[in-house]
Amino acid sequence: MSKDEQIIKKNGYTLHVVPTTKYKTNTFVWKMKAPLKENEATMRALLPHVLQSSTKNFSSSTKLRAYLDDLYGGILYVDLSKKGDYHIISIIMEIANEKFLSDQEPLLKKSLSLLSEIIFQPNAENNAFDKETVEKEKRTLRQRIQSVYDDKMRYASNRLVEEMCKGEPYAIHVNGKIEDIDAITPERLYTYYEKCLNEDEIDLYIVGDVKVEEVEKIADELFHLKDRVVQKAKSLQPVEKRDVNEVIERQDIKQGKLNIGYRTNVKYGDHDYFALQVFNGLFGGFAHSKLFMNVREKASLAYYAASRLESHKGLLLVMSGIEHKNFDKTVDIIHKQMEAMKNGVFSENEILQTKAVIKNQLLETMDTSRGLVEVLYHNVISQQNVNLSDWIERIEQVTKEEIISVANKIQLDTIYFLTGNEVA
Amino acid sequence: MEKIVFDQLKEELYYEKLANGLDVYILPKQGFNKTYATFTTKYGSIDNHFQPINGTEFIKVPDGIAHFLEHKLFEKEDGDVFQQFSKQGASANAFTSFTRTAYLFSATSNVEENLTTLIDFVQAPYFTEQTVEKEKGIIGQEINMYDDNADWRLYFGVIENMYHQHPVKIDIAGTIESISKITKDMLYQCYETFYHPSNMLLFIVGPVDPNKILTLVKENQEKKPFKDQPPIQRIFEEEPIEVREKIKKIPMHVQSSKCMVGIKAIDVQQKGKEMLKNELTINVLLDMLFGQSSDHYQALYDDGLIDDTFSYDYTQESGFGFAMVGGDTQNPEELARRIKEIFISAKNGDSLTEEGLERVKKKKIGTFLRAINSPEYIANQFTRYAFNEMDLFDVVPTLEEITYTDLIQVAQRFIDEKRMTVCQVVPKS
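Same order as they appear, the protein sequences are chains V and P.
Quick note, this note's numbering runs 38 ahead of the 1-based positions in the first sequence.
Quick note, this note's numbering runs 13 ahead of the 1-based positions in the second sequence.
If you're looking for bench data, these hints aren't it; they were derived computationally from the structure.
Predicted model, so just to flag it, every value in this text is computed and none were measured.
Hints are supplied without guarantee of correctness; some may be wrong.
[To be verified] Covered stretches of chain P (in silico footprint by chain V; criterion: 3 or more residues with CB under 8 Å from a CB of chain V, positions within the stretch not fixed):
id, region
1, 142-155
2, 374-384
[What the hints assert, rightly or not] Computed list of lysine-lysine pairs in DSS-like fashion (alpha-carbon distance at most 25 Å, straight line):
id, chain 1, residue 1, chain 2, residue 2
3, V, 336, P, 353
4, P, 225, P, 149
5, V, 264, V, 75
6, P, 100, V, 336
7, P, 353, V, 174
8, V, 397, P, 100
Every residue, glycine too, gets a C-beta built ideally from N, C-alpha and C.
Given only the sequences and the hints, what does the whole structure look like? Please build it.
Next up, the structure:
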């Protein structure tokens, strides 16, 4: 496999370089990881948006964005995600490789300098971020949190997790809470940022047609952090076995959103994780899976019926959009598919088919620089060192017995249904 | 087979028009795992009034039929084509737009088998009354899903506001009512008319050997007896220049409002280079007025009128086109007023500087380079461009050609109060 990731330990962060001639651009991803915490989540969600809006030298967003345009339309954006019980900030830049331009500007150095400036020279004074910037970004964060309510598919997925993981860090929203926004001041946010820079686990990925030595030299000039002992999230508490939780919520909508959550009791890095991947492929991951074939193709109940894994938390999440009146019928079909999986009602051919599609999906993900970084980052979260060819080999080795055994570890936890106002 | 080399981009494109009229393009991309192929017909939701092959009268077909046909083509007597693709390690999909229906797969192995499956399944329709009825439930849920989607309602609301006659105003999936009228015979009639190879384009991009791929496609096509077919006759009624409605508010179960301002395009008879330059220049204009590095963007953001959902875009096709600007907002009335004001003042050259033009051109060139990292982008966009007689690989040279005079002329011609409309999604009280 051509994806040779060079991992270089630096003071306070880890540099990952993936040299490849595949792309016409270079991609940098700066990742900061810390345990999910209720009292910090909203600040953490605000932070990268403040960082990307201005810096000491580019004191307004207009100036910063104009500079990026001049770097041949460089992209800069930020992202927040939850992986298991961690809350991760990503700052992403993608810049044209000068090889493909008619005037050959040294874009690599310039753009890495800009990334370093965003991180180490924020628009701040006297231990406080620029007040106006913080206020504007607080307003946008409020809208961002609110907008989840307006996207009913996302809303239903979020509500399922909220109900299912009540009391666990994973129930905390990735963008925090509206109620916590007001209390954030430019000073508090700055203090929090200093703490992040000193304590978070930090990784920098550089993907593109670059030379490792050259990139390392530039990184050594630009990125200086103190060494640290990385904080671990408290390990997953085995959740007490309880009755299945059923939650029905009503809104004025046309289509009901059915979301079902299961505990898999298996996480990335566990020996049977690969069997769980194959399980999910057979059950609901693809257009040949049981959910698609039975809920959609045979019963005509839905347009989408699928499942996905939250690998670092050990969740299996099913989603489907149905007529309000078809709730019982659909839940029944989904339960029957799960039973079939537990009883091994699937053929060797279906297993082969599923493995082929999983392998294809992984190889395709690696064709995009962002996808590649996300795959590699699994290792950081789980403190594993699974390389990509191992990944494929382990999938291929999964047996039917292992799939049945992993299926029998899976426990139904919560059924959530967002439905219309009229009682059907 | 013709070979076209793009030196600066380090890309090579291979092309041949087969005897049955099918256009085949192959772009080898070494270093990629994935091969991506699209098989596209120039047939979309707007093609609802036409003369069927083997018919003498023009007919009107139910709204949503092109999309319905796309769904049904995957089902065969012996089951679902998805199964076949996944056995061969591929993932398959399809989409219907206003002007095109595309079938596609991506695969990192068994490329030749998958390509054969793609071509064969699209060229072997199998519709029965029973399978057609079954699909109505599935598509009904797809329609409901979009009905609950505020962004989709907003986007379509703008188009409905603009057009009096043109079928672009019809939702691509149709309505539950319109699709209830679809029969297997109608599907066959549309299929026979629009799925002739001479109305289609096959694009393959990935780590492939172009000669081998072309031979495979040729041999596959030579085995199938296609009769030559005359050009398809479509009818579009006369469309007034001005918009149908100036404003519409859609109450929905949402917490934040949304607002989009549209400008209905003129010069939509254009094709080829002229169309490419017009489309790119209007996109440059939008970028200069509303891009993140513009003063207007900053002011709208500072005043709390926009957030990171704010977007702008211009598309032009044969017979219709529109610019759209907007997003989530706390104050839809004020945002609409400000966007219109920015447009009107740009008609006089406000905010349009030569320096700004150079910056946006650079940005657009970088954006194009990033886009051609993506096999999906190349195949889909190349096809769209080709159906409009444009060449995707002319984008950079055409961008470089745009002068300040071009920009000013386009701003003066394109922007017109009479062709502006506003759509808002507002919380239900």
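request  = Hint by hint, work out which the structure violates, then give me just those numbers in ascending order.
outcome  = Violated hints: 3, 4; rest satisfied.
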